[in-house]
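A.B. asks: Residue numbers (the numbering used here), protein chains in the order written: chain A, 1 to 273; chain B, 1 to 275.
If you're looking for bench data, these hints aren't it; they were derived computationally from the structure. In this text, all values refer to a predicted model and were calculated from it rather than measured experimentally. Heads up, some of the hints might be wrong.
[To be verified] Now the in silico label distances, taken between C-beta atoms and shown as ranges: (1) V41(B) / R266(A): 30 to 40 angstroms; (2) F238(B) / W83(A): 31 to 41 angstroms; (3) R266(A) / R268(B): 56 to 66 angstroms; (4) R268(B) / T25(A): 25 to 35 angstroms; (5) K111(B) / W83(A): 43 to 53 angstroms; (6) L180(A) / W243(B): 53 to 63 angstroms; (7) L180(A) / A140(B): 35 to 45 angstroms; (8) T260(B) / V149(A): 53 to 63 angstroms; (9) V213(A) / V41(B): 34 to 44 angstroms; (10) V213(A) / G257(B): 43 to 53 angstroms.
Where a beta carbon is used, it is the ideal one built from N, C-alpha and C, also for glycine.
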Amino acid sequence: MSGPLHPQISLYAAIATRSFRRYSTYTAATLAGIFTNSVFGIILSFAYLALWEQNPSAGGYEADQAVTFVWIGQALLMTVALWSGGSTDDLAERIRTGDIAVDLYRPVSVLGWYLAADLGRGLYHFATRGVAPAIVGALLFGLVTPSVVGAAGFLVSVVLAVVVSFAVRFLFAASAFWLLDATGPRVLLSVLATFFSGLTLPLNLFPDGLRQVALALPFASYIQTPADIWLGRHTGLDMIAAIGLQVLWAVVLLATCALVLRAATRKVVVQGG
Amino acid sequence: MVDADTPAAYVAHAVRSYWLIALLWIRAAMAYPVSFWTMLVGGVLITFLDFVAIWLMFTHVDTYGGFTLREIALLYGLTSIAFRIADMLVGSVEKIGRYVRSGDLDAMMTKPVPVLVQLCADRFELRRLGQIAQGLAVFAWAAPIVEWSPQRLAVLVLALVSGVVIYFCVFVIFSTIQFWTTDASEVASAFTYGGNTIMQYPMTIFPREVVRSLTYLLPLAFVNWYPCLFLLGRTDPFGSPDWFRFASPLAALVLVGVTTLVWRQGLRRYRSTGS
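Pulled out of the complex, with its shape left as it was, chain A reads as follows:
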């Protein structure tokens, strides 16, 4: 596996590192974000506690698991760029201005470039706006901790969450190739992602039918799947199946991204760039 693969990997690592550092320059914004995530975490924790006081096993969760779910949600919403943001926003902007033509003729895969940048961003947001509010949550409410296998599975699941979310955002941003302005689709996406990721309410609390649909959608990969792995709801083969579904979505969506990009490239050429 040596040879041509190695320089590619170090290139993507360099892109991810630069992206990480780019976000780390906005210290005040990060601190402000940690504060806001914590405030919402506290509000939702009380909201969930009141629900679980009435129904101590709603959705198959115990009260302390439900509160932990809240803080995992707050930790992951910026990590997966639930409300957009991240490298796909740059992509949409570059499509609008026409700068995308430059990207398309670089000797690097456009998809790989933007994915690497988004992973760097995701890592920064996870390390700051993920970890810090979770500490606040642990101090104020006490959180459920996972087994070692659960923690490892969680981390794998979070990386896949970023990849799936990236691919979805990439597709919505790519709509700008045809619509020129991707604002409308982006608003729609943030609504769907908020509701179907489990951020507002764990998907296991959805009524039958809607629940099965929601769990099968790629948005479940964002928060619901990593959270259930952390909480020990998916163990052994079940965990492998849950992660497998994330991998499946990642592969299918990235392949779709590649196809869309190829179609878009032809369009850019026809337009003359």
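Starting from the known structure of chain A, fit chain B onto it as the hints suggest.
C.D. replies: Showing chain B alone in chain A's frame:
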């Protein structure tokens, strides 16, 4: 400066300026009617899912914090209408930091219209009517549980007006933080959007300290909690004085005073970036 010799003339000038700038942006938006109406309907759908989440909670419980779904819809509707109207009226105040960085704030300082009016009217978004409509729809669905009387109607109207003023002030107060740190706009969201979220739930699910803070520090409880207790004919589980139910205008007035002070301090603190 302006022909604003009396406070009344000053306010009239400010309102007129606001309206003229807002009208400009409404006309601009109406130049693309399809886009405008899509966004408007989109706004209804977006906030609709917001309430669906609360509705889904009720598939697992019969009452929540001692309140039924319709009673919570009443709380939800009242805070949503007030919050979304305020959100529409404050426009770009949330983006002060961006205006400071770009130097646009300097340009605003030289114009004969108060800076706050310019900021609020800038990029006025009429399409936010969609979100206000969602709040109205939820409220209308809840309204039949109230035994309406002229007195209750009066409390409702006062609460709505006060609620808009209170949220407007919260938007302005916490946006001024950006005069000190231009890229900390998210702190404001914790109090504005966070404030709206917290008021969607009955106060009974929160510890007493939280309810006290929302009464005496940041008087959001006067937006819907105390007026709704009156509309529903319920006594306050936290034992607050009965007159709190009618005190929404008082809370709004005090907050206006605080906001004026904070805003002036912020503007005084402002130093151009020179860009």
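A.B. asks: Each of the hints needs a verdict: does it hold here or not?
C.D. replies: We went through each hint and held it up to the structure:
no., hint, verdict
1, V41(B) / R266(A): 30 to 40 angstroms, "33 angstroms, holds"
2, F238(B) / W83(A): 31 to 41 angstroms, "35 angstroms, holds"
3, R266(A) / R268(B): 56 to 66 angstroms, "57 angstroms, holds"
4, R268(B) / T25(A): 25 to 35 angstroms, "29 angstroms, holds"
5, K111(B) / W83(A): 43 to 53 angstroms, "34 angstroms, violated"
6, L180(A) / W243(B): 53 to 63 angstroms, "57 angstroms, holds"
7, L180(A) / A140(B): 35 to 45 angstroms, "38 angstroms, holds"
8, T260(B) / V149(A): 53 to 63 angstroms, "58 angstroms, holds"
9, V213(A) / V41(B): 34 to 44 angstroms, "23 angstroms, violated"
10, V213(A) / G257(B): 43 to 53 angstroms, "51 angstroms, holds"
The structure fails hints 5, 9 (numbered hints given earlier, in ascending order).
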